[in-house]
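K.L.:
So you can see what is in the structure, the chains are spelled out below.
Number of protein chains: 4
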Amino acid sequence: MPTSFRSDNDAGASPQILAALAACNEGPAYPYGADEWTRRAEAALARVFERAVGVLLVSTGTAANSLALAAMSPPWGSILCHRMAHSNTDECGAPEFFGAGLKMVASASPGGRLDAAVLARELGSGRGDVHAVQPSGVTLTQSTEEGQIYGREEVAAIGRVCREAGVPLHMDGARFANAVVAAGCTPAELTWKAGVDLLSFGATKNGALGAEALIVFNESLAGSLPFRRKRAGHLLSKMRFMAAQMDAYLHEDLWLRNAGHANDMALRLADGLAMVRGVEMLTPPVTNILFVKLPADLIAGLLSRGFDFYHGGRWDAGVARLVTSFRTTPQQVDEFLAAARDIRKT
Amino acid sequence: MPTSFRSDNDAGASPQILAALAACNEGPAYPYGADEWTRRAEAALARVFERAVGVLLVSTGTAANSLALAAMSPPWGSILCHRMAHSNTDECGAPEFFGAGLKMVASASPGGRLDAAVLARELGSGRGDVHAVQPSGVTLTQSTEEGQIYGREEVAAIGRVCREAGVPLHMDGARFANAVVAAGCTPAELTWKAGVDLLSFGATKNGALGAEALIVFNESLAGSLPFRRKRAGHLLSKMRFMAAQMDAYLHEDLWLRNAGHANDMALRLADGLAMVRGVEMLTPPVTNILFVKLPADLIAGLLSRGFDFYHGGRWDAGVARLVTSFRTTPQQVDEFLAAARDIRKT
Amino acid sequence: MPTSFRSDNDAGASPQILAALAACNEGPAYPYGADEWTRRAEAALARVFERAVGVLLVSTGTAANSLALAAMSPPWGSILCHRMAHSNTDECGAPEFFGAGLKMVASASPGGRLDAAVLARELGSGRGDVHAVQPSGVTLTQSTEEGQIYGREEVAAIGRVCREAGVPLHMDGARFANAVVAAGCTPAELTWKAGVDLLSFGATKNGALGAEALIVFNESLAGSLPFRRKRAGHLLSKMRFMAAQMDAYLHEDLWLRNAGHANDMALRLADGLAMVRGVEMLTPPVTNILFVKLPADLIAGLLSRGFDFYHGGRWDAGVARLVTSFRTTPQQVDEFLAAARDIRKT
Amino acid sequence: MPTSFRSDNDAGASPQILAALAACNEGPAYPYGADEWTRRAEAALARVFERAVGVLLVSTGTAANSLALAAMSPPWGSILCHRMAHSNTDECGAPEFFGAGLKMVASASPGGRLDAAVLARELGSGRGDVHAVQPSGVTLTQSTEEGQIYGREEVAAIGRVCREAGVPLHMDGARFANAVVAAGCTPAELTWKAGVDLLSFGATKNGALGAEALIVFNESLAGSLPFRRKRAGHLLSKMRFMAAQMDAYLHEDLWLRNAGHANDMALRLADGLAMVRGVEMLTPPVTNILFVKLPADLIAGLLSRGFDFYHGGRWDAGVARLVTSFRTTPQQVDEFLAAARDIRKT
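Chains as they are written, first to last, in numbering that gives the first Met the number 0: chain B, 0 to 345; chain X, 0 to 345; chain Z, 0 to 345; chain A, 0 to 345.
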């Protein structure tokens, strides 16, 4: 396989996390989360968020997101989301499935992030009108599909709008670690202190084998979730093996170190690419995803030299998405840059 | 935790399977199953079943069962099952969820297994009557909830009944390995050669961390499954870590060796218990689950001495379920028996 | 068409109800229930039940039942019902559809009616266990599928059991009028005073063209129903035409007069049949449905002479169901009896 | 109630249709559509469409639309629609409910109608990609929410695009009669001959009490519909009373005469309004719906003089929707115009 900047889900697992799997394998353990590793993961998450939190471990971000959105909305409700939201475009209708036909409604917010003022208007639409789906929640992606972040004030503004409308706020944190590192504030400040009710806390893209936590800050949303998880086939019998991943992920800030490295690599990549002739930087290097516009010969040349990344397709021709991970090495970045410079003779 | 005969999901993972996780962690891998380990697991399963098969890896048996049943039945269909079927009683309505409201209908079959003649009658009920749910499939559990098996002829009889009724047959093989060892025939003979269309092939209870394969023998049922899996949040991004488990599970017949050991331990336990005064054997030792009737003092005494198992509850008072696993040791069995004899002074 | 004792849905509409349709057709009316006829029907129902009630008019009993059951139970809940309950056997899984996969669970109650003590035990099953569907409500049929009734004390006993379990009680009153006449107590006594939370109040079988009211006694269950009704396509735009039916149905006790007549005709039929040689009365004549066991020659003879009724099929061979309606005439009954006597030479 | 131009569902029923209800009430009739009036309605629809058609009578347009869309798409499919489509905005998520979570996707087509070229592009999106909902059908509204029509060539262009993409085409014909009159071609030319697979054929807005027919031109979509209808509570027991409405609606072209009258009244209204100072005609008078921009004093004045219509709300301030019906009289139109002229002193 070529050197990949396709996605952070191409990378394997952190050695510390693999080691934790072996370490938890001694003796029997109560199944379905009644084990000590699950308790430890829950405690670790409570420390990270500086308060008691509800925790449901699941194996995919799609499951975490869909369980959250289904718990927020009745079947005749709508969830407002960004038009590019993964839950709206890349989960094959999973929120609609988990939510018994709820409606994902793309906000008219301009740009790559949800706008609190636009949301406020949209949350008022059709209220109490039996012919209309009822606005029942908002989901935002942190960091965003374009590698940007909502700062704590931006989250808080959306949180206020949700509270005023009486609906919960969900954060899809598939790349939450990358956002925390970039935001320069605490996980608590970026979530419940800013009005987030439910968080999909991703670990898979940032070093786990397959482990996500649905974090419940708003206890009134907690009751249905254990049933929903089981009913969706997402309650693991040998839960310790997922809990141990989450525990190791949080231990000694591995999650922030991994994300920090990935962000650094994206910055290194951006700094280098900005110097390559004909390259247009479309997004600033904030987290671990870059969008750049590349000349056709550069795309073709890089691919032919063994580098891999997404380009075109759902984006305009020439637009490339470059993603770094906890495993991306400075050398890989430098080789990519050297190739780019060579192709473009700069 | 006490020495557990509660369930085979108390046991951890086989060392060979843990080792495979570490081994597959080198370098990047295409996500969502486009990796070489998934190809290897698929090839291994094709060898096991002596033919090309469709394979969908998922993390739980509930997911495998529910995806299968949903693919077999329209929302207005019914799936005939044994009244004790796990999918009917212990999955929180997951088949109804995945199947958009399909109906699990408990067969009137007497005893612990489905009866082909009874099924034949039930499959004819309400056909074409718009007021009735339409019989749309059968699911049987192999080995059964009571640790017994359907022999190849018994499966084939049910398979014939299904074919005559024009409906597919699903096998819930959460403990398929234990059944294969006990049945003395090949996996192929016990499944597709006997008319099974879909198989939930379990690995988790028998040594994996969390890995099940939905095996598709009947290609006409295959089309919807990839979408159903994704939509249910069961398509793992870092699939290699599940595929590597399945590959190691099948390598050099680890799955049959593990199951054979568990079955042997149940036999050792049964042989010993039969000699304990006041113990009534309710089921013959066929696989790794025993049902026994124990005097109250024996139950209390064993629990107080650090042994753990289910008793009473959904079963009659005094009825205990004893489950062995690939990790149960002869010494654990012998200690349990010695304690039993001591309590009952035999 | 032969003289029919097949079902009360064979009969047409009461002339008074047809007249009401014409009478309400003057001038425009606000749609979707914002019209004066809907107000009048609501007021009439409040008078019938001696209290304020929520009312949702719908065109079928299946819709009324399914909306009610869905409002009572989460998707992972179960509704306990009689094994013969129409909602369980004759609505093509409609409750499962409306309830996003809820589970209809047939009670083990012996005989033709639900037993409070059995229900009490069943309502305790699996509570709080994430692997089990959660008991979430009870539905009983009044009058029953066998033409019998629950007396006010029997309803109250079930109501108490439901209250103790914290779940609501629904009454399927497709033939509620027949039950009220037979029970000799008020509609209020037979429903909310006995603990009924939701009632499907049928008018179609007893003289309307197509009009049923879902009556909400328990306000805490009311909130979702208008949305559920619209979403299911059951909110009529020209609602006045359904409301006028209901209003006329209740006017000057037409509903009770119609039902009383039907019950009387069943009694006349029963009295006569009991004198026919070889006829075995299987149920006492309580409402407008009789079950009788008839010799084969009598069944064949009656059918050949132009009488129509259900026999055999889901019941044992020789068992016939005879249903009278508001339109059945004494002469029709007498002709049926004369034919029976003639065939059996008595 | 004031003179209403709010909606054609304010109007009552045609006398001929009411008379048909009384006429069909003699004697018993087989229930659930096994009656002669249903046969007659089916035959009448076959004549209208010049071929054999499948017919499912239901009581609302929401039911007809939702049954159709659900039959077209798997739960993981999407239905492309106009952003203003009633099924997308005014049915409380009914298609998502009937379709087990299918996704209504608003086309980017500009203007008030779907554009074949835009649809062609959108129908190709995400095909075979397990992460994306699968484009599974198109629905267009005839006549449109803005009172315009798709000509036979426009329907045919969309039909071709659907056929090329291998997906069915549904027409929401809540006001199909108005479109047929305006289009100057036959019902057949406007539907199946132009590639329409399923048609919601509305009668309620145009003179029935509550009767719609889901017309099936494409037999491959027919199989599931009877079960879907029953399961949704939309199979009426006393079907004759709905069938008689449909039969009378089609008899001697009542449906076209009613619609022609409504269209004529809209034209009369448009002609008059165009002469009123300050009125801006936003849509040409094609069917029975007009959109006009009115000065604020005109809106207020008309409302205060006893005329009723929708304005503002989901449309821009000053925009009014005026709807005529089979019952609108020339005198009512003239009074409205006189009032408008008087208010605006022209």
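Think of the hints as simulated: they come from the structure by calculation, not from any bench.
Cβ coordinates follow ideal geometry from the N, Cα and C atoms, glycine included.
Just so you know, not all the hints are guaranteed correct.
[What the hints assert, rightly or not] Quick list of simulated restraints, FRET-style, between CB atoms:
(1) Z:Arg126 to X:Gly305: 25 to 31 Å
(2) Z:Glu163 to A:Ala299: 54 to 60 Å
(3) Z:Arg38 to B:Ala105: 35 to 41 Å
(4) Z:Arg38 to B:Arg126: 35 to 41 Å
(5) B:Asp307 to Z:Ser124: 32 to 38 Å
(6) B:Gly111 to A:Tyr309: 44 to 50 Å
(7) X:Ala42 to B:Ala119: 52 to 58 Å
(8) A:Ala42 to Z:Gly127: 43 to 49 Å
[Stated by the list, open to error] With the Cβ distance kept under 8 Å, some of the chain Z side facing chain B (calculated, not the full set):
(9) His130
(10) Gln133
(11) Pro225
(12) His260
(13) Trp314
K.L.:
Evaluate each hint against the coordinates.
P.N.:
To see whether the hints hold, each was checked on the structure:
1. Z:Arg126 to X:Gly305: 25 to 31 Å: This hint holds: roughly 29 Å between Cβ atoms.
2. Z:Glu163 to A:Ala299: 54 to 60 Å: holds, 59 Å
3. Z:Arg38 to B:Ala105: 35 to 41 Å: holds, 40 Å
4. Z:Arg38 to B:Arg126: 35 to 41 Å: About 24 Å separates the Cβ atoms of Z:Arg38 and B:Arg126, which means 35 to 41 Å is violated.
5. B:Asp307 to Z:Ser124: 32 to 38 Å: This hint is violated: roughly 54 Å between Cβ atoms.
6. B:Gly111 to A:Tyr309: 44 to 50 Å: Violated: the Cβ-Cβ distance is about 36 Å, outside 44 to 50 Å.
7. X:Ala42 to B:Ala119: 52 to 58 Å: Holds - the Cβ-Cβ distance for X:Ala42 and B:Ala119, about 55 Å, lies within 52 to 58 Å.
8. A:Ala42 to Z:Gly127: 43 to 49 Å: Because 58 Å falls outside the window, the suggested range is violated.
9. His130: At 6 Å from the nearest chain B Cβ, Z:His130 passes the 8 Å test, so the hint holds.
10. Gln133: holds, 7 Å
11. Pro225: holds, 5 Å
12. His260: violated, 38 Å
13. Trp314: violated, 36 Å
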